[in-house]
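Novice: Got chain E; can you put chain H on it based on the hints?
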Amino acid sequence: MTAPRPDETDIYLPRPATLIETESLTAHERFFRFEMDAGVELSYRPGQFLEISMPGFGECPISISSAPSAGGDRGFELVVRRVGNVTRALHGLEPGDRIGVRGPFGAPFPVEDALTGHDLLFICGGLGLVPLRSAINYVLNRRDDYGEVTVLLGARTPADRLFTRELYAWKLRDDLVLEETVDAADPSWGAHVGVITKLIPRLKLAPENTRALICGPPIMYRFVLKELEKQGMSAEHIYLSLERRMKCGVGKCGHCQINGLYTCRQGPVFKYADIAAVREAI
Amino acid sequence: MRTATIQKSDLGKAIDLLVQADLRVIAPRLQPRLEEDGPDAIDVLTLVEVKSGENHQVGEGLLPLNGVKEFLFAKHEPLFAYEKRGKKIDIIPVHHEYPRTVIVGVRPCDAASIASLNAVFSDANAGFEDPFFTRRRERTTIVTYSCTAPDASCFCTSVDLAPDSSRGSDLHFTEIGGDLIHVEVLTEAGEAIANLLESLLEGEGDQQQREKAGAAVKEKLTRIRDAAPIKDWLDNLDNFDDEMWERLGEKCIGCGSCTFLCPTCHCFDIVDENKGSKGYRVKFWDSCQFDHFTLHASGHNPRDWQYKRYRNRFNCKFKIYPEKFEQQGCVGCGRCIRGCPVNLDITEYMAEVAAKAAG
Numbered sequence: 001m002t003a004p005r006p007d008e009t010d011i012y013l014p015r016p017a018t019l020i021e022t023e024s025l026t027a028h029e030r031f032f033r034f035e036m037d038a039g040v041e042l043s044y045r046p047g048q049f050l051e052i053s054m055p056g057f058g059e060c061p062i063s064i065s066s067a068p069s070a071g072g073d074r075g076f077e078l079v080v081r082r083v084g085n086v087t088r089a090l091h092g093l094e095p096g097d098r099i100g101v102r103g104p105f106g107a108p109f110p111v112e113d114a115l116t117g118h119d120l121l122f123i124c125g126g127l128g129l130v131p132l133r134s135a136i137n138y139v140l141n142r143r144d145d146y147g148e149v150t151v152l153l154g155a156r157t158p159a160d161r162l163f164t165r166e167l168y169a170w171k172l173r174d175d176l177v178l179e180e181t182v183d184a185a186d187p188s189w190g191a192h193v194g195v196i197t198k199l200i201p202r203l204k205l206a207p208e209n210t211r212a213l214i215c216g217p218p219i220m221y222r223f224v225l226k227e228l229e230k231q232g233m234s235a236e237h238i239y240l241s242l243e244r245r246m247k248c249g250v251g252k253c254g255h256c257q258i259n260g261l262y263t264c265r266q267g268p269v270f271k272y273a274d275i276a277a278v279r280e281a282i
Numbered sequence: 283m284r285t286a287t288i289q290k291s292d293l294g295k296a297i298d299l300l301v302q303a304d305l306r307v308i309a310p311r312l313q314p315r316l317e318e319d320g321p322d323a324i325d326v327l328t329l330v331e332v333k334s335g336e337n338h339q340v341g342e343g344l345l346p347l348n349g350v351k352e353f354l355f356a357k358h359e360p361l362f363a364y365e366k367r368g369k370k371i372d373i374i375p376v377h378h379e380y381p382r383t384v385i386v387g388v389r390p391c392d393a394a395s396i397a398s399l400n401a402v403f404s405d406a407n408a409g410f411e412d413p414f415f416t417r418r419r420e421r422t423t424i425v426t427y428s429c430t431a432p433d434a435s436c437f438c439t440s441v442d443l444a445p446d447s448s449r450g451s452d453l454h455f456t457e458i459g460g461d462l463i464h465v466e467v468l469t470e471a472g473e474a475i476a477n478l479l480e481s482l483l484e485g486e487g488d489q490q491q492r493e494k495a496g497a498a499v500k501e502k503l504t505r506i507r508d509a510a511p512i513k514d515w516l517d518n519l520d521n522f523d524d525e526m527w528e529r530l531g532e533k534c535i536g537c538g539s540c541t542f543l544c545p546t547c548h549c550f551d552i553v554d555e556n557k558g559s560k561g562y563r564v565k566f567w568d569s570c571q572f573d574h575f576t577l578h579a580s581g582h583n584p585r586d587w588q589y590k591r592y593r594n595r596f597n598c599k600f601k602i603y604p605e606k607f608e609q610q611g612c613v614g615c616g617r618c619i620r621g622c623p624v625n626l627d628i629t630e631y632m633a634e635v636a637a638k639a640a641g
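Chains E and H are the protein sequences, given in the same order.
With this note's numbering, the residue at position 101 of the first sequence is 101, and numbering never jumps.
Take any residue in the second sequence, note its place counting from 1, add 282, and you have its number in this note's numbering.
Bound conformation, chain E alone:
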């Protein structure tokens, strides 16, 4: 895209970016690394999302998967599941192709303040790894600022696992515990089978000092939250990223509204204590 002139439609105008690299992760999910045009900075924090434009197809909200600064001031990474018009079009892109970007939008995981100095428990169900990867890599880049780091990962099948090379590298680290489970194993699978919740009681959590970061399919939250409460964790120490159908990203269009909350503004990352009483949130 050519850079649009500063105009009256600012909040709805995408800024141009170019696809640098893309790779298939599973049968349905692709990895993308984009770079904003020269002179266009993109400053974001883990947990935030972008509105990705494919002119002619539309726009949709996608979580940022890279840690801030991983791609310099202009680079960012996405993982996109092919489910609709825009995502199908994204899957057809080749390096050099152009997209539009609005954002970043939304409240991030508080990696810079509330989480520092604490043990961190990442609970990632399926595509939930995509935004949490941003926070995990942020933490690994500043490993000394945090206590124990545990990552629980659930996937449908071994073939649905994302970032397998990166997971292997994490597995080899001695400053990170990675536990994986799948719903349905194949003969090659050597780790857990079953729901992710079952992994939680096996951990030696120090509930007072632990902060949990959760992202996964809607059905996962209530079971995981129940288990964390059972382990003695406070709702004040649990952060979760909620999915909603964000359209404008700026608190106007109403699509992502959950009672009095706009997921695109007060979320997508919420402290559980702030939404425990909000109906329809979880």
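Careful: at least some of the hints might be erroneous.
In silico SDA-like pairs for lysine to any residue, Cα to Cα no more than 25 Å straight-line [what the hints assert, rightly or not]: (1) E:Lys204 - E:His118; (2) H:Lys370 - E:Arg88; (3) H:Lys557 - E:Arg102; (4) H:Lys369 - E:Met36.
Covered stretches of chain E (chain H as the covering partner; in silico rule of three or more C-beta atoms under 8 Å from a C-beta of chain H) [what the hints assert, rightly or not]: (5) 11–20; (6) 259–270.
In silico contact screen, one side only, chain E against chain H (beta carbon under 7 Å); selected entries [claimed, not checked]: (7) Gly56; (8) Val83; (9) Gly84; (10) Arg98; (11) Glu243; (12) Gly251; (13) Cys253; (14) Gly254.
The hints are simulated quantities; they were obtained by calculation from the structure and are not laboratory data.
Just so it is clear, CB atoms sit at the ideal spot from N, CA and C, and this is done for glycine as well.
Specialist: Just chain H, lined up with the frame of chain E:
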């Protein structure tokens, strides 16, 4: 603030003066909803641009089918154009006109709704400004006209308004008997319009007479509900699961008519209207009553039943708007009642909630 009077028979001349001042004048007029409908179509009271004062219904009838909303928050408008040429995609700004506009004959409920829309679209909400709305708002003057004949669906007095309220008005007209209209100049923008009408204005108005006229019309409202306890009842989260919602939802067919007719409903969608290698990204009215409104790409839907969507709308009107935007979500215009294809009546549920709240 000053007051004056104007003859009702001079309203046509007043419109002429405003048109001659190069203002875009919007006024209620009885006409077929679409011009293409031809001469046999049923006339509907509609707010439309008028080019002269010859044919207008200012002060006549009750509410236009459309409110002032569509003149501030367009039903459908392009955000930008795009053109794809090979790997290149050009984003082309679209020029929007924001003519200085005066809307004449606005009913008090519609005028009161503007502050509610403004709270969503202005930068007071999250620091983001929707420039389409705010630019139109800045250039639009509202001339209100007190109601004289509320119908059975009107319930403005239940939501802290009245048939002669001047909230959201720049210049306010109230009939005070005979051919005489009492004029109140309420803002600088109203003063500018009053100056243009100076040749038709006379003396000072009689404020007492105006209050009396307003009070007399208030008596005609038949649908009186006590909205005061509603928010407290909604604040009690146990009531989110009250049996009323499912019962209500069984009746609602989710057509979204109420949301499109509502002066404060503000939800919209953004899509690309594509033709070959070019097109427009457009923003257009949407409705929280549609199941796809909250539908995720995965198929999951946080509001998967119609009653949840109706409950959301009711909460939006009586809890979310007052809490989040410190504005009223319902102005009692009654359009949702008149327009509902299954006769779902929001005031019945307001009354039911009030009764439940009273124990």
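Novice: The structure should be examined with respect to each hint, and the outcome stated for every one.
Specialist: To see whether the hints hold, each was checked on the structure:
no. : hint                : result
1   : E:Lys204 - E:His118 : holds (14 Å)
2   : H:Lys370 - E:Arg88  : holds (19 Å)
3   : H:Lys557 - E:Arg102 : holds (23 Å)
4   : H:Lys369 - E:Met36  : holds (15 Å)
5   : 11–20               : holds (count 5)
6   : 259–270             : holds (count 4)
7   : Gly56               : holds (4 Å)
8   : Val83               : holds (4 Å)
9   : Gly84               : holds (5 Å)
10  : Arg98               : holds (5 Å)
11  : Glu243              : holds (6 Å)
12  : Gly251              : holds (4 Å)
13  : Cys253              : holds (5 Å)
14  : Gly254              : holds (3 Å)
Hint compliance for this structure: no hint is broken.
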